[in-house]
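Participant: Letter by letter, the chains look like this.
Protein chains: 2
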Amino acid sequence: MLKINHELTQTLLAAIETELRQAVTRVEDPGCSHLGYMLAYHLGWEGEGAGPEAGGKHIRPVLVLLTCAAAGGAWQAALPAAATVELVHNFSLIHDDIEDNSPTRRGRSTLWKLWGVPQAINAGDALFTLAYLELGRLRETQPAELTLRAAEVLQQACLQLTRGQYLDLAYEARTDLSLEDYWPMIRGKTAALLAAATELGALIAGVEEERRAAFRRFGEHLGLAFQAQDDLLGIWGEMAITGKSTASDLLTGKKSLPVLYGLGQRSKFAQRWYRGNIQPQEIESLAAQLEAEGGRDYTRRAAEELTEQALQALEEAQPRGEAGEALTALAHQLLHRQA
Amino acid sequence: MLKINHELTQTLLAAIETELRQAVTRVEDPGCSHLGYMLAYHLGWEGEGAGPEAGGKHIRPVLVLLTCAAAGGAWQAALPAAATVELVHNFSLIHDDIEDNSPTRRGRSTLWKLWGVPQAINAGDALFTLAYLELGRLRETQPAELTLRAAEVLQQACLQLTRGQYLDLAYEARTDLSLEDYWPMIRGKTAALLAAATELGALIAGVEEERRAAFRRFGEHLGLAFQAQDDLLGIWGEMAITGKSTASDLLTGKKSLPVLYGLGQRSKFAQRWYRGNIQPQEIESLAAQLEAEGGRDYTRRAAEELTEQALQALEEAQPRGEAGEALTALAHQLLHRQA
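Heads up: the protein sequence lines correspond to chains A and B, in order.
With my numbering, the residue at position 86 of the first sequence is 129, and numbering never jumps.
With my numbering, the residue at position 114 of the second sequence is 157, and numbering never jumps.
Hints are supplied without guarantee of correctness; some may be wrong.
Copies of the same chain are indistinguishable here, so a pair counts whether it falls within one copy or spans any two.
[As the list claims (entries may be wrong)] Only pairs whose alpha carbons sit at most 27 Å apart, straight line, appear in this in silico DSSO-like list of lysine-lysine:
1) K156 with K311
2) K100 with K311
3) K298 with K311
4) K156 with K297
It should be emphasised that the hints constitute simulated quantities derived from the structure, not laboratory data.
Computed from a predicted model, the values in this text were never measured in an experiment.
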């Protein structure tokens, strides 16, 4: 996934994988093995299309471990927190795929598509529970008080996730959306868990309050920057602009940053978007219209400013060593990626 | 709800209500108030049909508090655990109603029926998170180590809930069900949370390992007995037998204890049940057929034996005072109820 610090990243990814598998094993019980199989399928370990690509990039758990190391801790101590964050992320993906009626994820059929909505809801609930169980493993190396703090950081992030998802779903019925509606949604859906990831890493490293808050701000702004950049690529990225691809956010109806900017202009773009049922052959001209109305510039500037804020927060957090360099590189890389 | 120890019960129920409202308030956030409203609706506080009846009987949180008091603790200390157990129960109801396609609960429209499946899944996730956040409040009066133990008791119960629900859903595709399939499902779906309720009460009271295990067994067997009795009433209770009611488990296709007993006989009852689409006018004769095959006797004996085991476990747990008497009365009452 990440091209920076190849050796360190590979070490972290391998440790995360081991920890994740151990965490998911806990669901197993005589007569109930298929529930574990569903989770293993979702995590990319089993079934058609299984393999490293199918499991996602593991950016969140890597962030937990890099932050812990960059804050002066031993990353190994943060492994349960890293696995927990990845499990929470995946629980939310299972439920999001049902809520968004998405038939595929990472090129494979989604859980609900294969096993039906009822079993998929329940499998998500099982994964959510496994995430919290896994976090309890922190206690093996950390004080009870710190383990409880970590649980609360995570629970607050989960609450924000559900608030963000609530807003996303609620926006479907609205015809007066604008930029103001974007940030509360993305703070919940994307930034909350990344903020929790860096806060957990710093918490486990044992840094003082102020540096921990700086690491948290780094994660939060990284998340916001990441989403803004993702939204930019979702309309003007190479895959999206060809018009042949179904990957364009203009086709899926995603309430992305440039789209909400455009809706707020209440001009030609907004008129067409609210009519709905946008066709592949319209994408190129509609993207051009949105660009003419300022949506592309606005989004690029937002991504740049947020990355700048992320890097500034990181500087205040005084990251150390190889892991610190990796965090800086990660922020740059996320902004300058093309896909 | 409970007719025993009226004054004590009323005090506990009022305290539980206050704690629950406080717990659910935590989801509130500017711009997101409607998510809190959905949860308040589900809990019977808001919307059409709101009122004490709409919120359920609160048996689980009362069990937590009575157990804590009967084990020699102050029930007030167990309030966060009591509220947590009730919130977990309600989270699972929100998701179960979607999974079972149930349009009503406690005489009111279900969450998914009013706000759609996506918002209902997400509201359930929010309530699940609030449950865990609430448990953290134990720390205000209890040691960190005990708070972590309580969290693990709860997480294991949640894991069992999802296993039980997995089995329930998986049974829909099977045509070879028998009694053996009943207990693993009910241990997860019903008994696990009641076992956790009494274990949490005893844990917070600070009793030693052996008595805590006895309190746990009490809760578990009470849960199993409760379910067996519920299943009996679901077919031969006054409401179910009239044939005019749609409340019969024979109409809803519920895999209850007498039904699974009957399916295991592979006789006339099983043949009719597997054909499906059972009509109201058939209920009376089908119930008589199942009774002739031994389903009613088997279920009554099971409920009696399990209640006996529950009472024996309770005796071993050496419950004290008014709360101890209330627990004994509760077990008798659950067995001898007629609806």
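Participant: Quick one: K156 to K297, C-alpha cut-off 27 Å, is that within a copy, between copies, both, or neither?
Facilitator: both (21 Å within a copy, 25 Å between copies)
Participant: Which holds for K298 with K311 at a C-alpha limit of 27 Å: within a copy, between copies, both or neither?
Facilitator: within (17 Å within a copy, 56 Å between copies)
Participant: Check K156 against K311 for me: Cα-Cα at most 27 Å, and say if that holds within a copy, between copies, both or neither.
Facilitator: neither (36 Å within a copy, 36 Å between copies)
Participant: Measure nothing new, just compare the shortest in-copy and cross-copy C-alpha distances for K100 and K311 to 27 Å and report within, between, both or neither.
Facilitator: neither (37 Å within a copy, 55 Å between copies)
Comparing the model with each numbered hint stated earlier shows that hints 1 and 2 do not hold.
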